[in-house]
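A.B. asks: Under the numbering used here, the first residue of the sequence shown carries the number 337, and numbering increases by one thereafter.
No lab work stands behind these hints, which were simulated from the structure alone. Please note that a few of the clues may not be correct.
To be verified - Ranges of calculated distance between the beta carbons of each label pair, as one might list FRET restraints:
hint, residue 1, residue 2, range
1, Lys429, Glu407, 25 to 33 angstroms
2, Ala356, Lys429, 13 to 21 angstroms
3, Ala413, Glu385, 14 to 22 angstroms
4, Lys363, Asp414, 25 to 33 angstroms
5, Asp414, Thr370, 13 to 21 angstroms
6, Lys381, Glu407, 18 to 26 angstroms
Fair warning: this is a prediction, and the values are worked out from it, not measured in the lab. Don't be surprised by glycine CBs; every beta carbon is placed ideally from N, CA and C.
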Amino acid sequence: PKAKKETKAEAAAGEEAKAAPLFKAPKGEPDDLTVIKGIGPVAAKDLAEQGIITFAQLAKLTDKDVAKIDEHMPFSADQIKDWREQAKELAKK
337 PKAKKETKAE AAAGEEAKAA PLFKAPKGEP DDLTVIKGIG PVAAKDLAEQ GIITFAQLAK
397 LTDKDVAKID EHMPFSADQI KDWREQAKEL AKK
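Hey, can you work out the whole structure from these sequences and the hints?
C.D. replies: Spelled out as structure tokens, the structure:
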């Protein structure tokens, strides 16, 4: 695996992201995010750790939220936007 050099700021941001979730998880039952194409068990767990547990949350992500996730998590903005579109359909059900 190729090693990625982190600046002190990036390392601090990474530690901050672990300390506090990026989003506040809603009360109630979580949705099975693995229904969304591209989200497997590991990605679903990572999203849950950041407070994202429902289709409705994913569907309502703003572009600013997408950028925040892109910055703090190993997912690309394009991936997240694709998930958002799928979640919009699933949230209607």
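A.B. asks: Hint by hint, say whether it matches the structure.
C.D. replies: Hints, verified against the model:
no. : hint                                : result
1   : Lys429 / Glu407: 25 to 33 angstroms : holds, 31 angstroms
2   : Ala356 / Lys429: 13 to 21 angstroms : violated, 31 angstroms
3   : Ala413 / Glu385: 14 to 22 angstroms : holds, 19 angstroms
4   : Lys363 / Asp414: 25 to 33 angstroms : holds, 31 angstroms
5   : Asp414 / Thr370: 13 to 21 angstroms : holds, 19 angstroms
6   : Lys381 / Glu407: 18 to 26 angstroms : holds, 19 angstroms
In this structure, the one hint that does not hold is number 2.
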